[in-house]
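Number of protein chains: 2
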Amino acid sequence: MKAEIIAVGTEILVGDIVNTNAQFISRELFSLGIDMYYQTVVGDNKKRLTDAIAQAFERADLVIFSGGLGPTEDDLTKETVAAYFEAPLYYDEAIGEDIKTYFKNRKCPESNMKQAQIPQGAMVLANNHGTAPGVILQKEGKIAVLLPGPPRELIPMFTQQVMPFLKSRSDYVMESLTLRLFGVGESAVGEMLSDLMAGSNPTVAPYAKDHEVTLRIAAKAETKDAALSLIEPVHQAIKDRLGEYIYGYDEEDMPKTVAGLLLEKKITIACAESCTAGLLTGTLGNIPGISAVLNESIVTYSNEAKIKYLGVSPETLERCGAVSSETAGEMAVGIAKTAKTDIGVSITGIAGPDGGTEEKPVGLVYVGVCYHDQVTVQKLTLKGNRQKIRQAAVLNALNHVRKRILAE
Amino acid sequence: MKAEIIAVGTEILVGDIVNTNAQFISRELFSLGIDMYYQTVVGDNKKRLTDAIAQAFERADLVIFSGGLGPTEDDLTKETVAAYFEAPLYYDEAIGEDIKTYFKNRKCPESNMKQAQIPQGAMVLANNHGTAPGVILQKEGKIAVLLPGPPRELIPMFTQQVMPFLKSRSDYVMESLTLRLFGVGESAVGEMLSDLMAGSNPTVAPYAKDHEVTLRIAAKAETKDAALSLIEPVHQAIKDRLGEYIYGYDEEDMPKTVAGLLLEKKITIACAESCTAGLLTGTLGNIPGISAVLNESIVTYSNEAKIKYLGVSPETLERCGAVSSETAGEMAVGIAKTAKTDIGVSITGIAGPDGGTEEKPVGLVYVGVCYHDQVTVQKLTLKGNRQKIRQAAVLNALNHVRKRILAE
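If you read the protein sequences in the order shown, they are chains A and B.
Per my numbering, the first sequence runs over residues 1 to 408.
Per my numbering, the second sequence runs over residues 1 to 408.
The shape of chain A in the complex, shown without the other chains:
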């Protein structure tokens, strides 16, 4: 089955909202193995919507519409799709009553009664979070699914009513596995896996984002097991070539992975942050339950604070500077000692845009990890603006912690 999405709404075309519905629907259809080749956004305009509908059904069997089911005159999706399917609208008493009930004590605006107009022969999708019912229309192998625009209405309607409808018509199952890689670039990955990326089942697609590369392996088969057994050999082949960079799978990003290790092994940690100024601790702090292993951290921008809280030697700061391997090492030792934790991790660097010199340019960052009294310091040369350098420093520090834990 081939599908398309048409999002209807001038608010998307003028940039007032992001079309997150398209992502949600795409992911769900992908999980069913339904192909999608195009998505369209069109405004609240009858002629242009009519054209978009006709074109979509020339290319696809299934068209999913979001938006344009509201009570105002602008909202034309139902009328326009019904016209394409030559299905006249009728007033559905039961739905009219539902809408009135929705308003409870408040007076139901007259305009909302438009939402009880249903195309003849349509399947109605109940809306438990708003007044606009969804609609499924079918004719000569073409299926139109009409959904309300607000995600809090669309998502439950899709999950609870549209997915079962579509599953019953799908010929196969699609499974996927996402590998998360750190410390290697997208093009290097592309070169090392070009043979695997040329395959069509499973497909292998790399995607670079936020300082890491993800690789999605996706397979289509008649059963879940058959799909998984297509994925596994490709997964193994990638592990053989790029295993050292793979740190996690699917939704397990770097903060989750490292926090998971710390929590699982009950390893306590504290951070001493200079240029990242709380971002490392704040990132770990986003993981529920982290306070079992993270009790305190200190931000020490100034030399004075590094001396006062972490016991960094003034002589080291004088001789090597605040941004140095030596200072990073002493910071890591100092925070582990004062916080009495298994791991002390430190970050000191130059995030810019000012403060760089020829010898110590913007982007120079040292990460120190003290674990069981053994200190390792990593020198990083990071690129980008202040924000990017700080984020990359945090992820590198987390990866450094991860490697130290796994090396035990």
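Read the hints as simulated data drawn from the structure, not as lab findings.
Just so it is clear, CB atoms sit at the ideal spot from N, CA and C, and this is done for glycine as well.
Be aware that a few hints might be false.
[To be verified] A few chain B residues that don't get close to chain A, going by computed Cβ distances all over 10 Å:
#1 G185
#2 E304
#3 R319
#4 T376
[Unchecked claim] DMTMM-like, lysine to aspartate or glutamate: derived pairs with alpha carbons at most 25 Å apart:
#5 A:K308 <-> B:D373
#6 A:K220 <-> B:D373
#7 B:K100 <-> A:D210
Let chain A serve as the given structure and place chain B on it in line with the hints.
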């Protein structure tokens, strides 16, 4: 001028990423008064991309492409648009050198050299955040703008290079002013400004995001001055009604606004964070030059750390609990004292998902500000998941600091 957007990338069609670029570009084009009737997403497929290009140029004069400029074989936007414009590609030595420079000490993958292929006659847009240059192609009144997919590359390229190019071809001037409001909801704003929002020139559009509401006033006129003089009376009318909530304009978000105040007035600050665990300090730390007023901060999750570093009284913790007005106040005093700063700000609360009780539910957060030895504590009842609660706590703490400074 009529415009369309074509986003190229299978990762959008399978739902791996949200097409936020479309929103960004739409908003920018709208600000120039350029009409947009359609947006399309198409996969990394030559035939379908070719069809989409032809169709878009049948309907529009300006087509903006995002994505598909990467180094892999999948990336076909440049080749395909160049073919449509009948512009052969050539290898641009200077761009090739730029790309090699980007990799510095690392080896530049051979595949990245594909990105130095430029269509004949094209205008090249420098990429200061990645290796893929952008391209503008023009022929017989048709304009194609090709931009890299990652937002961190696309946004600066669009703002710095595409906007001036488009502005120079627009028939009129569109000016806008964005007001930033904190502490008031979108629907309340909508109700209070419904008369102004009904206007067509200037338009007034509210937009809710990240715990704040922005209001964009946009006017179209023949000159910049004429557009600005349409905006000003509406701006004044909004100030009269909602002035207490307006904290900034345009790109001056809450962290920038507060950091700007601190830096301008040379007010030093230190933070004591419990549930936000570094996020407040890390947010301030993202502002260049902040180390002039922010030297240190302490994350104190545990009671022990609150006592050790901040001198919070064990009796207070015992009697009122760690999440209480009293503890927040003592934390704020304690951090100002130990860090010897003008302002000490504290956050303590329950970010969830666990740890809530009937008396102290998830989302209960106290923010304390000690300024010139005077302490004020604000009680917040925040909604959402852990991440949202922590972010909202940080913004409320910053707003609290802002109000205290302005009240002096």
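Here's how the hints hold up against the structure:
Look at G185 (chain B): its CB is around 16 Å from the nearest CB on chain A, clear of 10 Å, so calling it non-interface holds up. Taking the minimum C-beta to C-beta distance to chain A, about 7 Å, the non-interface status of E304 (chain B) is violated against the 10 Å cut. For R319 (chain B), the requirement that its beta carbon stay farther than 10 Å from each beta carbon of chain A is met, with the minimum near 21 Å. Look at T376 (chain B): its CB is around 23 Å from the nearest CB on chain A, clear of 10 Å, so calling it non-interface holds up.
Note on K308 (chain A) and D373 (chain B): the hinted pairing holds, with a Cα-Cα distance of about 23 Å set against a maximum of 25 Å. For the proposed pair K220 (chain A) and D373 (chain B), the alpha carbon gap of about 66 Å is over 25 Å, so the pair is violated. A distance of roughly 22 Å separates the Cα atoms of K100 (chain B) and D210 (chain A); the hinted pair therefore holds under the 25 Å criterion.
When held up to the earlier numbered hints, the structure conflicts with 2 and 6 and fits the remainder.
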